[in-house]
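In case you want the letters, here they are:
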Amino acid sequence: MSTAVLTINKGLSGGLNLRQKTILLISFMSLLLLTIVICSLFINERSLSTDFDSKNLAPSLKHPFGTDWMGRDMFIRTIEGLGLSIMIGAFASLISTLISVILGLFSSVGKIADSFVSWLVDLFLSIPHLLLIILISIGFGGGATGVIIGVALTHWPSLTRVVRAEIKQLKTQEYVHISRNFGKSRWWIATKHILPHLIPKFILGTILMFPHAILHEASITFLGFGLSPHEPAIGIILSESMKYLSAGYWWLAFFPGLSLLIVILAFDMIGENLGKLMNPKKAHD
Amino acid sequence: MYLKGENISFGYKKNNFILKNVNICLGSGEVLGLIGDSGSGKSTLCKILAGYEKNYTGTVSIDGKKIPDGVYNPVQLIFQHPEKAVNPKWKMKDILNESYVVPQKILDSFGIKKNWLNRWPNELSGGELQRFALARALSPKTKFLIADEITTMVDAITQVQIWDSILDMVDELNIGVLVVSHDKKLINKLCHDIVYMSDLINI
Amino acid sequence: MEDIDRITTKKARNNEALLKVKDISLSFIQYTSGLRQTELKVISNLNLEAYSGEILAVVGSSGSGKSLLAHAILGILPSNARLYGSMEYNGQPLTQEKKEEIRGKEIALIPQSTNYLDPLMRISNQVIGNVNEKNKESIKKLQRYVFQKYNLKPEVDRMFPHELSGGMIRRVLVSTAVISSARLVIADEPTPGLDEKNLKETLSYFKDMANKGCAVILITHDIDAALKISDRIAIFYAGTILEEANIEDFANDGENLRHPYTRALWNALPQNKFKAIKGHQPMQDEIIEGCFFYERCSIKNELCSKGIPELKTINGGLVRCNNVS
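Protein chains in written order, with the working numbering: chain R, 1 to 285; chain L, 1 to 203; chain E, 1 to 325.
In short, the hints are calculated from the structure, not lab data. We treat Cβ as the ideally placed atom computed from N, Cα and C, and that holds for glycine. One thing to keep in mind: the hints can contain errors.
To be verified - A few chain L positions that, by computed beta-carbon distances, are all more than 10 Å from chain R:
no.: 1; residue: Y2
no.: 2; residue: N73
no.: 3; residue: K84
no.: 4; residue: V86
no.: 5; residue: E98
no.: 6; residue: K105
no.: 7; residue: D168
no.: 8; residue: Y196
no.: 9; residue: M197
Said to hold, decoys possible - Partial list, derived from the structure: chain E residues whose beta carbon lies under 7 Å from chain L:
no.: 10; residue: M87
no.: 11; residue: A251
no.: 12; residue: A264
no.: 13; residue: P270
no.: 14; residue: F274
Just need the whole structure built from these sequences, with the hints factored in.
Following this line, the structure appears as structure tokens:
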């Protein structure tokens, strides 16, 4: 008997299928974010030097985002600020994910560990988010370190909750019981049976944490509790621009704010579309 | 060699027993049928005998020795729904060889085809998955097999094929089998001896 | 009281089939590794007719796509499914719009899984919700009457699904179909996990519905249960129906059965020979040119490997086989 699979691939010419579109969208967004980060790394000090001949210029071809009161190009400042934000966001999300992995696995050890973890989750969720970030970041001496630690230590509870529930559900599966009956160790079962189900959750959780982390970093910096005014952070740019709004220099707030929004939306789209690809119920649409 | 369950009682609430003082004995090479209505506690008894359920009173032993925890259990349980008994993230060949490397002879006996091994569980039917679940449980260390309604969900022809293979293999390996079903006609065909759940329970 | 009379009067057997399924095929668009999409055929060239007052059992092994047949008739297939062929209900074409209009009213599904009930809604509200009439009082009375008949006590009305046992939920689902005054009832695997007593009881509900003039399609893997109550049995194999036999054909050694697979199935039953033929059902992604049973058939010839056999009427039953007469 011949085993053949009928392929009805439409290819690039006949229009893309949904999965191809989704992957294209994800790659485009990732490329955009990556470009911002890489560009921000290559900006040298000179391009940000003060130039009082061209201060407070409205957007033009030479300065697409305009210039500020010291004559610095706002486009370059925005890119640099976004790059810094994305890197802080990445670092904070990774630490948060790590914490939730550890706590999630720890909760599966025993009953006491489990109630300790859920107590900790409830505790962190019951304190207003922004307040907690401010407290922690001041506690750690403020600045970039303070912000990263503050954001990292406050974003793990929701993912921990998901991981904990998932592990609980997986542990009741018949194939886990069978594995135990085959004499496999707890560690073997955790890595071979349970972890493969958790990895997609971790990846998705990390990406969806990104926009939160970036926004929180920007907000507390805007409020003056975060990065120092010397850093080219997006929060600093926005708070400075407030002083010039009444003078009619709208571009100082508008373009950096819009760029921040685009970056946040890009992360959100990546996360949501990845989620669609990983969801077995919708995988074949 | 004898697998014995003695004075086994089990209940979720106090004074509300599902099983009370149940005694059951299964010898090597014996094929024993257990017939019971749904909700009569036969699945619970299976889980207790195979070490899946720990909160019971009474003793389960092989030749008078308690069955140790954390090592390969000589009593293996096969379930009604094989699709739940396999990890959906594993390929069939990994599922098959989880406990030991299954020899070609057992694969042939169960009619497991080579090209099934590279597939994912959701690409196989229930009858095909059940053959994998059985093959991987027949390691040389297995002394008793408990089959809890294992062919209830497959068609009649597959049912005969599966049972033919099991009876062949257990005869050769000298394994004792507890066949649990609500289907009296099936048990009559398969078993040397039959016990009724209603006779085992003394509530 | 008019409603109560309505459900107890037996309708005369209609000579025209209530539901005609004509040569339908069903496939799913799926992604294979990477980005390519393939079409996976799960039902092919399937014909079926359901008559009022009769029970038609569709028997096949679980996971072979029988439930999808029910979903196709009800029009509740997922978005990546492609359905070909046509259906007729009561002499009129059964289109997707028509399906949406009459499902739950004229066509009722008794689902396989008992978690189809809304966990947050009281039982009587869910059951009544399915009736499309203005007079609430009489519906309530009817619901109570039907519940009483299926041995569901008055306190059940106000309970939530989690408070009921599996058997009770099944009776609630059956009552729902009865109250909705459906003319076509499709029961999807209603029997697994039932012991003999519950099985008999559940089957008697279907017999009841047929006696009241419903057309019942009983989808099951349990040929034994099907034999007990059905009028006709359709044998489902690898996505198609190989034979539609009358219940009388299943007698003795099954020499009146038309298709070799049906005979093999009959011989494999524990109460008969308990003998199996070799081989497996073809996998869903195997493309087969000829008869689906070709590989395992004992009476095949060259013609069988080329093209699917025509559907023939023999001895009052339908069969897809080249070598019967």
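Comparing the hints with the structure gives:
1. Y2: holds (20 Å)
2. N73: violated (5 Å)
3. K84: K84 (chain L) not clear of chain R: closest Cβ-Cβ about 5 Å, inside 10 Å.
4. V86: For V86 (chain L), whose nearest Cβ neighbour in chain R is about 6 Å away, the distance does not exceed 10 Å, so it is violated.
5. E98: Not fine: 6 Å to the nearest Cβ puts E98 (chain L) too close to chain R.
6. K105: holds (20 Å)
7. D168: holds (23 Å)
8. Y196: About 27 Å separates Y196 (chain L) from the closest Cβ of chain R, which puts it past 10 Å; holds.
9. M197: Label holds. Min Cβ-Cβ 22 Å, cutoff 10 Å.
10. M87: violated (26 Å)
11. A251: violated (17 Å)
12. A264: holds (6 Å)
13. P270: Check passed: Cβ of P270 (chain E) comes within 4 Å of chain L, closer than 7 Å.
14. F274: Where the cut-off is 7 Å and the nearest Cβ of chain L is about 5 Å from F274 (chain E), the hint holds.
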